[in-house]
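Undergrad: Whenever a hint applies, use it, and build me the whole structure from the sequences.
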Amino acid sequence: MVSGVIKVDHLLTKMAADLKTLITARQIDNPMMIGIHTGGVWLAEHLHQQLNIEDPLGTLDISFYRDDFSRVGLNPKVQPSALPSATEDRHVILVDDVIMSGRTIRAAMNELFDYGRPASITLVTLLDLNRRELPIQADVTGDTLHLADDELVKLTGPVPLALEIRKKDNL
Amino acid sequence: MFEQQDPNLIQLNSAGQLKHFLTTEGLSREMLTEILDTADSFVDMSAQQVKKVPLLRGKTVVNLFFEASTRTASTFELAAKRLSADVLNLNIKTSSTSKGETLKDTLMTMEAMHSDMFVVRHSDSGAAHYIASNVTPHVAVINAGDGRHAHPTQAMLDMLTIRQHKGGFEHLTVAIVGDILHSRVARSQIHALRTLGAKEIRVIGPTTLLPRHIEALGVTVYTNMLQGLKDVDVVMMLRLQKERMQSALLPSESEFYTLYGLTEEKLKLTHPDSIVMHPGPINRGVEIETSVADGPKSMILKQVTNGIAVRMAVMSMAMGGQMTEHQAERESE
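First to last, the protein sequences are chains A and B. Here the first sequence is numbered in my numbering, starting from 1293 and rising by one per residue. Here the second sequence is numbered in my numbering, starting from 4 and rising by one per residue.
None of these hints come from the bench; they were simulated from the model. Backbone N, C-alpha and C define an ideal beta-carbon position, used for all residues, glycine too. Just so you know, not all the hints are guaranteed correct.
[What the hints assert, rightly or not] Which chain B residues face chain A? A few, computed with CB under 8 angstroms, are given here:
{"no.": "1", "residue": "Asp-43"}
{"no.": "2", "residue": "Ser-49"}
{"no.": "3", "residue": "Ala-50"}
{"no.": "4", "residue": "Gln-51"}
{"no.": "5", "residue": "Lys-55"}
{"no.": "6", "residue": "Val-56"}
{"no.": "7", "residue": "Glu-332"}
{"no.": "8", "residue": "Ser-335"}
TA: This is the structure:
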């Protein structure tokens, strides 16, 4: 059951502006943007366009790097990771839809390092669910959300992009 | 020979995930597609500086080869290492007597070393099934070729190569050429091609090297290669197993080459966009002309590369299937 829908357009505009300010402040030139499958890629497509980033958008599937492989096995819908070039010495902007425990981002960073040693990684997420289990924080977030224990949030898309809050029992 | 059972009773876990990989027979189209999709992701991994993923970190994979093999054994080893597993390679000569007992003893020894996966090649059909039904639960078994029965990872790497070049299977006419009778590769290919929906599967070979009643597998039989190759999209050559020559099934190598060797001339009969595959090692001038093996239609080296990706896929899927099953059991206790 969907108990709420959040539109993301205005959040995306805000994130693009915040990100622009941040990369200027950090003096990052020519960054490489990478979206995490699937929601992160949808968001990254928008941000990539709004920031006029030169390099094509990269995509990352972290299935081979997850820390819960021994509990849930391999994701049956694993997609190829495709980076436009090596990450060696590049400033990477990593985009995901939701940051919760921080485990996805840890896995993504492990995978990125297997493509080379990036100069820096900036993390952008649409939502922060504020339930961290690891010391990882986003640099830019659209919004922070506190969910009840029986709720979860899902990004639907790619057109239109929307956040759906659902009750866990009715997936 | 060992007793056979319904393969899916032992190769799938209660959630329908792969937990051993013994044969392509009986697996659903969805499962075969999942293997190919996963393998595709591992193919793309070659862009990484560090060509390794941590999926099987801390796991021990034992390659149990009771029969000689170079490329299968080495690509399995590389696949396991790219999954970050620790690998032990054992080449065990089979004694002709009391195989069952020897096998069981070997298994018990390996299990005492806390192995998590056995990759098994054996000259007896059904050996991998036998091992899968006798190992401690949580150990995954991958069939790397058993007797005349099955060689499922070879078939799946062939399917991956076909899909990469042809996009799908529905419109394809595929010819399998050579010693079908002794070929576990052919059997696994036929099952996989049928499940994936190939339009037509032809087998081409001399009557003495065709199993009786092979039509029952849903293939068209040709003893004349010139007729059989007409307009095919994919030619899958088999290795002529020279060790079978003594058994008088074949007149001579040169006569075999004249009738069933893949030459440039014969290749012209196939579809203009056709591709040529061979599981290796190739006998140049026996099954295949050198210029064909090295020619633009040849996928032979591509197959070797794909072999690593497919083996990584089934190893990680089977290990995952084992672990989730036992996780579920622990939670229900």
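Undergrad: Against this structure, judge whether each hint is valid.
TA: Results for each hint:
The interface hint given for Asp-43(B) is met, as the beta carbon of that residue sits about 6 angstroms from the closest beta carbon of chain A, less than 8 angstroms. Evaluation of the Ser-49(B) hint against chain A yields a violated restraint, the C-beta minimum of about 11 angstroms exceeding 8 angstroms. Contact between Ala-50(B) and chain A, as hinted, is supported at the beta carbon level, the nearest pair being about 7 angstroms apart and thus within 8 angstroms. Taking 8 angstroms as the C-beta cut-off, the interface hint given for Gln-51(B) holds, the closest approach to chain A being about 5 angstroms.
Satisfaction of the interface hint for Lys-55(B) is found here, the shortest Cβ-Cβ separation to chain A being roughly 7 angstroms, below the 8 angstroms cut-off. Taken as an interface hint, Val-56(B) checks out: its beta carbon lies about 4 angstroms from the nearest beta carbon of chain A, inside 8 angstroms. About 12 angstroms separates the beta-carbon of Glu-332(B) from the nearest beta-carbon of chain A, more than 8 angstroms, and the hint is not met. Annotation: Ser-335(B) was flagged as interfacial toward chain A, and the flag is violated, the nearest CB pair being 14 angstroms apart, outside 8 angstroms.
In summary, the numbered hints that this structure violates are 2, 7 and 8.
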